[in-house]
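**Q** If you want the building blocks of each chain, they are given just below.
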Amino acid sequence: MRVLGIETSCDETGVAIYDGERGLLAHALYSQIDLHAEYGGVVPELASRDHVRKLLPLIEQVMAECGSQKEDIDAICYTAGPGLIGALMVGASLGRALAYAWGVPAVGVHHMEGHLLAPMLEASPPAFPFVALLVSGGHTQLVAVKGIGQYEMLGESLDDAAGEAFDKAAKMLDLDYPGGPHIARLAERGTPGRFTFPRPMVDRPGLDFSFSGLKTYTLNTVAEHAQVDGLPDEQTCADIAHAFQEAVVGTLAIKCRRALEQTGLKTLIIAGGVSANTRLRTELEAALGKIGARVYYARPAFCTDNGAMIAYAGCQRLMAGQRESLAVNVKARWPLDSLPPL
Amino acid sequence: MSRILALDTSTDACSVALWCDGRVEGQFELAAKSHTQRLLPMVDEVLSEAGLSLSQLDAIAYGRGPGSFTGLRICLGVVQGLAFGADLPVVPVSTLQGMAQGWLSARPERQQWPVLPALDARMSEVYWGLYQWHDGVAEAMVKEAVSAPEAVVDAVQGQSLDAFTGCGAGWHYPPLQSLKPLSCEQQWYPDARALVVLAARALAQGAVQAADQAEPLYLRDTVSWKKRERIRR
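Residue numbers (my numbering), protein chains in the order written: chain V, 179 to 520; chain X, 19 to 251.
Just so you know, the hints here were simulated from the structure itself, not pulled from any lab data. Hints are not guaranteed to be accurate.
Using 20 Å as the maximum straight-line C-alpha spacing, the simulated PhoX-like pairs for lysine-lysine come out as follows [stated by the list, open to error]:
#1 V:Lys444 - V:Lys324
#2 V:Lys509 - V:Lys444
#3 X:Lys244 - V:Lys509
#4 V:Lys349 - X:Lys51
#5 V:Lys349 - V:Lys324
#6 V:Lys346 - X:Lys161
#7 V:Lys346 - X:Lys244
#8 X:Lys51 - V:Lys393
#9 V:Lys393 - V:Lys324
Computed footprint of chain V on chain X; a stretch qualifies when at least three of its residues, placed anywhere within it, have a C-beta under 8 Å from a C-beta of chain V [to be verified]:
#10 58–70
#11 86–92
#12 224–236
Ideal placement from N, C-alpha and C gives every residue a C-beta, glycine not left out.
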């Protein structure tokens, strides 16, 4: 089965073609980062407008890239949630109508299931069961995964998502949106040990996260060292970025280790935009290596939003016989553990 | 000789119509917040009832706006999917002109006066236009626009019309009422069954687009989204 996957849940238009036998055939992405950076965050109306302009050309592009004709596509899948409702509607409406026109089945895909399964697109994919850490601008979740659709929520953020915390800290340091890559780059020049930020909630049992206190701590540290223009000197900014990143990474690593110990599983996958963070990857490999566990992640391009993960997840559900009616349903909120098992 | 499918979800209404060589069939319903659920099933029903498939059509028309931003994109998404999938060109039609077309063709006695269709554009503004009946078509007398109601009043008074009628939800703004239209119906919506008549004319004149060139007409393109202020860069 060869499927076309469409992702438009936030600020990236992603399209891919995945073949159940041959694997990923083509993928393309248009990122709106430059557009939203001017506003310091995603402007939903502008995101939706851009998806409309970019989606069909991207579909034509991936079909041409892998030499797929219309007759070669057996099904279409699109992100149906969670995400920005207006942005989701663009991809879902076009994807469902295209499937109708081609006379092929369609299925709506859960965006976080897409992320969770993204490491399956790599050369040596992990095997079920495993623990998944989903870390992005909208989510911070630890999930026990027995198989596709068999998700048990172990813990999640009680306030800000980890990626959101990166974005907010970046703004405090006068860095661009999205904050993650900018904080990481600045942190490389930071002095280890100059500041030590608190690791939120690690002294409490359980697997929930909280990042809003860290955000306040960062704001206070910036204010304390601010010069006349409101910002600390460049080296202090780098030191703060370093301390902030260490605190987030350290917290995530402690909770991941705890989740593996609690479930008795030996495999962790990390997915979502923050999983592209190099420091997080090395820290997790070090921390989990000690308990004999292995870490899997997708290539950086498939950590952030993309069409390939939607095509892969949709293909699995389509091959299991799942189908969508002609009524298109998209959801801004959609609990991951409410999905049906395959 | 032509066959055209038309779709519109620019307001609370959801409508689909089929033009077959001058005969119009279609469906219209009020479907606030449920356009995504209703639009494709309605397309399927309209085509099935006519015993036609997409590949037997000549074009797909859509209400290109102005109207609800989300509504315009739902319609355009479905239209792009259908048109790209079936290798058909698309025909954009003004939703305001479509409203005027439906309004004037519904009652011949209205055709002696121009009509001012107005949609609520929120933020205390309306999308509006002014159309007169000519040779079976509601023709634009002014460029459609988004304006404060007071500005519409000024613009219309500048036209020195003897009389005119009004339609559409935008008329709920009190300043517009001071224009004293001969008659006015606020519960009047764009309807694909009227849009498709305009689309047939446009198709005959070759006014078509490729599916990947289609875009909504928002009219309001400068909402004041606040840009961030930088300190050092």
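**Q** Each of the hints needs a verdict: does it hold here or not?
**A** Evaluated hints:
no., hint, result
1, V:Lys444 - V:Lys324, "holds, 13 Å"
2, V:Lys509 - V:Lys444, "violated, 33 Å"
3, X:Lys244 - V:Lys509, "violated, 27 Å"
4, V:Lys349 - X:Lys51, "violated, 35 Å"
5, V:Lys349 - V:Lys324, "violated, 38 Å"
6, V:Lys346 - X:Lys161, "violated, 44 Å"
7, V:Lys346 - X:Lys244, "holds, 17 Å"
8, X:Lys51 - V:Lys393, "violated, 37 Å"
9, V:Lys393 - V:Lys324, "violated, 34 Å"
10, 58–70, "holds (count 4)"
11, 86–92, "holds (count 4)"
12, 224–236, "holds (count 5)"
In terms of the numbered hints stated before, the structure departs from hints 2, 3, 4, 5, 6, 8, 9, listed from lowest to highest.
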